[in-house]
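**Q** When you get a sec, could you build the whole thing from the sequences and use the hints?
Okay, so the sequence shown: first residue is 93 according to my numbering, each after it adds one.
Using 30 angstroms as the maximum straight-line C-alpha spacing, the simulated DSS-like pairs for lysine-lysine come out as follows:
{"hint": "1", "residue 1": "255", "residue 2": "123"}
{"hint": "2", "residue 1": "164", "residue 2": "123"}
{"hint": "3", "residue 1": "107", "residue 2": "231"}
{"hint": "4", "residue 1": "225", "residue 2": "123"}
{"hint": "5", "residue 1": "196", "residue 2": "251"}
{"hint": "6", "residue 1": "221", "residue 2": "182"}
Please keep in mind that the hints were generated in silico from the structure rather than gathered at the bench.
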Amino acid sequence: VCSDKTGTLTEGKMKVVEAAASTTSLKPKAKSLNLIRGAILCNNMTNPLEIAMMRYAQSQISNLKTQNQISKFKTNNTRLDEIPFSSERKFIATLHAPSESKDKGEIFLSGAPEMVMQIASLERGEEIKWQKKLDDYTKKGLRVVAFASSLGDLEKLKKDFIKLKKDF
Numbered sequence: 093v094c095s096d097k098t099g100t101l102t103e104g105k106m107k108v109v110e111a112a113a114s115t116t117s118l119k120p121k122a123k124s125l126n127l128i129r130g131a132i133l134c135n136n137m138t139n140p141l142e143i144a145m146m147r148y149a150q151s152q153i154s155n156l157k158t159q160n161q162i163s164k165f166k167t168n169n170t171r172l173d174e175i176p177f178s179s180e181r182k183f184i185a186t187l188h189a190p191s192e193s194k195d196k197g198e199i200f201l202s203g204a205p206e207m208v209m210q211i212a213s214l215e216r217g218e219e220i221k222w223q224k225k226l227d228d229y230t231k232k233g234l235r236v237v238a239f240a241s242s243l244g245d246l247e248k249l250k251k252d253f254i255k256l257k258k259d260f
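**A** The structure is reproduced here in structure tokens:
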């Protein structure tokens, strides 16, 4: 989950002020890197929110002291398909094929937390935990964006992506 504050009165542009990541199978550094990958790959740089997410990703890459640059993320993860953001759908989704693997793929999803949590099918305990965190963010006056990703067999993910297009 990534939250941003508009900063309209002070700067006239959005910026990310807090971020949280959760994946039970990943170590903290990997969790942060996965969130950064989502902010880069599930992003078209078409509005202030996406620009703020890209700025956040750039700052975090240098904080993680990783050699990967944003252009390398994009080059090494070919975008195969996209479900563009719409105000009705309230999310953007992208399907990628990492260059290092011919049979693996990854779906990234970014959008309104209620939509992302619905699509991601969280377990009840995990959903309650995230809803509390989201409520805390909104009480602080933050605009909240959720991310989700799924890594796996490319052919299965292609089918999942087609179903996602049809269902939403």
